[in-house]
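Listed below are the residues making up each chain.
Number of protein chains: 2
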Amino acid sequence: MIVGILGAGQLARMIALAGYPLGLKFIFLDPSKDSCATGLGEHLHGAYDDPKLLQQLAQRADVVTYEFENVPADVAAFLASHTQVHPSPKALAVAQDRLTEKTFFNTIDIPTPLYAPVDSLEELEYVMPTIGWPAILKSRTQGYDGKGQSMLKSATDLAGAWKLLDGVPAIVEAFVPFDREISIIAARNAAGAVVFYPLSENLHRGGILRVAQSRVGDPMQQQAETYVLCLLEALDYVGVLALELFEVNGHLMANEFAPRVHNSGHWTIEGAETSQFENHLRAILNLPLGSTAAVGKSAMVNFIGGLPDSAEIASIAQAHLHLYDKAPRKSRKVAHATARTETPEQLAGIVGQLVALANKVDNT
Amino acid sequence: MIVGILGAGQLARMIALAGYPLGLKFIFLDPSKDSCATGLGEHLHGAYDDPKLLQQLAQRADVVTYEFENVPADVAAFLASHTQVHPSPKALAVAQDRLTEKTFFNTIDIPTPLYAPVDSLEELEYVMPTIGWPAILKSRTQGYDGKGQSMLKSATDLAGAWKLLDGVPAIVEAFVPFDREISIIAARNAAGAVVFYPLSENLHRGGILRVAQSRVGDPMQQQAETYVLCLLEALDYVGVLALELFEVNGHLMANEFAPRVHNSGHWTIEGAETSQFENHLRAILNLPLGSTAAVGKSAMVNFIGGLPDSAEIASIAQAHLHLYDKAPRKSRKVAHATARTETPEQLAGIVGQLVALANKVDNT
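First to last, the protein sequences are chains A and B.
Note that numbering that gives the first Met the number 0 has the first sequence beginning at 0, numbered continuously upward.
Note that numbering that gives the first Met the number 0 has the second sequence beginning at 0, numbered continuously upward.
Just chain A, with the same shape it has in the complex:
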């Protein structure tokens, strides 16, 4: 079986590493010459919308998937008309546009922060009394890791924030004074079977995920499962999906979802019976899904902009290094390390060490 992946970054890399033991081969389509997954399969080198390369991918792959959600709609449609594609173009379309996404959440009774579409500075000024302060102005499409976002604290911020957007369609969202940011990762296969991972509790800084920790037995698990199950079924979704949520006063609100494997689930490589990467493959190949049971207590620390020293990580007995083979560059995720321990106290100790190592080389 050959799996085609649009994108050859670290997510594609980790999908491929999980797929070899299942006997799979991989073809990646990616415009970058030295993408980090290219050693792990064949690399079709060119634009994501290159018709010839897409045709090759569709012809040769038994199933095609993505490592990012900003796949042009016509590309997804072309692939879907020529081969099996998971997740579906519909899931991509919903995830790509923050306005569609939020509206979709509300349609299926998943609460979100207050939001409004804005296409001009006048509209922004008009809706702010309803949205309330503070709020966040975001481009409707293309943003990730906090890019294309501005915090609005008072009326004096509006003009500047609007100018930064440079005329792209936008959405303004009420800022939620959340107690925690969490995410739930779930997988659904074509037969409709669904599995849920234990919640991840996530720590962002500067809009970038820094630490994700598995939370076995979290009191919010059930509510999160209910929401993500709704979403998976409403989208007739196949594959792994990550739903990011805010916890506020014991209630959950959806922030966004990613129709793909997710940074907050990297701890599942060591910390779950079956990793999110393997379960994504199982789902899109319609194999029985693997157990998501936690293996010990675990957490993941991202290395942003600077590479960790392999020997330093290797000297920590319960740490596991994951380099992405990416050159360090400002704000770029270049590696992560997982800690897996028996007790929460041990975990806290190792996470502390890893965070210190990540801060030492941080460049954001």
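Because the hints were derived from the structure by calculation, they are not lab data.
All residues carry an ideal CB built from backbone N, CA and C; glycine is no exception.
Check each hint, because a few of them may be wrong.
Partner residues are not named here, just some residues of chain A that face chain B (Cβ under 10 Å, in silico) [as the list claims (entries may be wrong)]:
hint, residue
1, GLY40
2, THR273
3, GLU277
4, GLY304
5, GLY305
6, SER309
7, ALA310
8, HIS321
Starting from the known structure of chain A, fit chain B onto it as the hints suggest.
Relative to the frame of chain A, chain B by itself:
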């Protein structure tokens, strides 16, 4: 860093899969066109003693290692004179010849079964009264998975067994009425640090390993560690090494060692904090060695000659599939599956299921 590997079979494949997260790249030298590791790195396609390819390998790899011990001595010497090679040509030389190996064990006070070199039928007849019955006649070199071996039960077996050897130098060994076959896998890095895995208890049938089970807290652990440490230090060994032992009446005797990662250690991928494959890489790169602590109870079942059904394995919650991308062929190891559980009872249940699946497709 680029790691060169002589051989591109399943061991090289699993070394490479463990090496990507450490940021490594791989070059394999292997005569077979469609070897199972070739998707995971560059493939130099040709004979192991092809001077041009060896030169390429030596020039481009930062360190070279092997997935099998029958590397011609001049090949090992050539590589060692041009680049870093681990394990050393000396370790290979000792492991390649059963006579040298047994003698080496005895030199460093590791007990073995009685043995004697035999170069003619007359010599065989002469030594048998000393060796005793039953005994095993083996070629001194090149044997694996029971190939080139004959059981000698009485004097009438000698002529036939000798004829089968076809004149190659041989060794006759007393057959040990062992209580158990076990192996200990250990790693030593260039700095001299050593780690030991929990013992593997191994079950062979038809000379081929079928099941290996991790034995945490086994009463023989200490004695096995003492022997393998002796061996590692006597060879000034760098890398992972597997020492196969017989247990007889509470004592251990060495059968043989493999200067490489070993089939009886495949359970370490899921069942140990750091796998034997990652620790082999850490050792030859002189990184700190990883913890060998067991993660749960685990065991591995080999699939010989026939491929498992992926969906059947995937439907067993605590089983993990490892396909080698090899076409099934009589007596060929094509896959293994690991079971990892909380309790020995759960383990026994899943191993039973996996053995049944392996027997269903067995072709030996």
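Structure-based check of all given hints:
Checking GLY40/A against chain B by beta carbon gives a least distance of about 6 Å; that is within 10 Å, so the hint holds. A least Cβ separation of about 8 Å between THR273/A and chain B falls short of the 10 Å threshold, and the interface hint therefore holds. Because the beta carbon of GLU277/A sits about 9 Å from the nearest beta carbon in chain B, less than 10 Å, this interface hint is met. The criterion of a C-beta within 10 Å of any C-beta in chain B is not met by GLY304/A, whose closest approach is roughly 16 Å, and the hint is violated.
Because the closest C-beta pair between GLY305/A and chain B is about 14 Å apart, greater than 10 Å, the hint is violated. Annotation: SER309/A was flagged as interfacial toward chain B, and the flag holds, the nearest CB pair being 6 Å apart, inside 10 Å. The beta carbon of ALA310/A comes within 5 Å of a beta carbon in chain B, closer than 10 Å, and the hint placing it at the interface holds. Given the 10 Å rule on beta carbons, the hint for HIS321/A holds: about 5 Å separates it from the nearest Cβ of chain B.
Hints 4 and 5, counting from the list given before, are not met by this structure.
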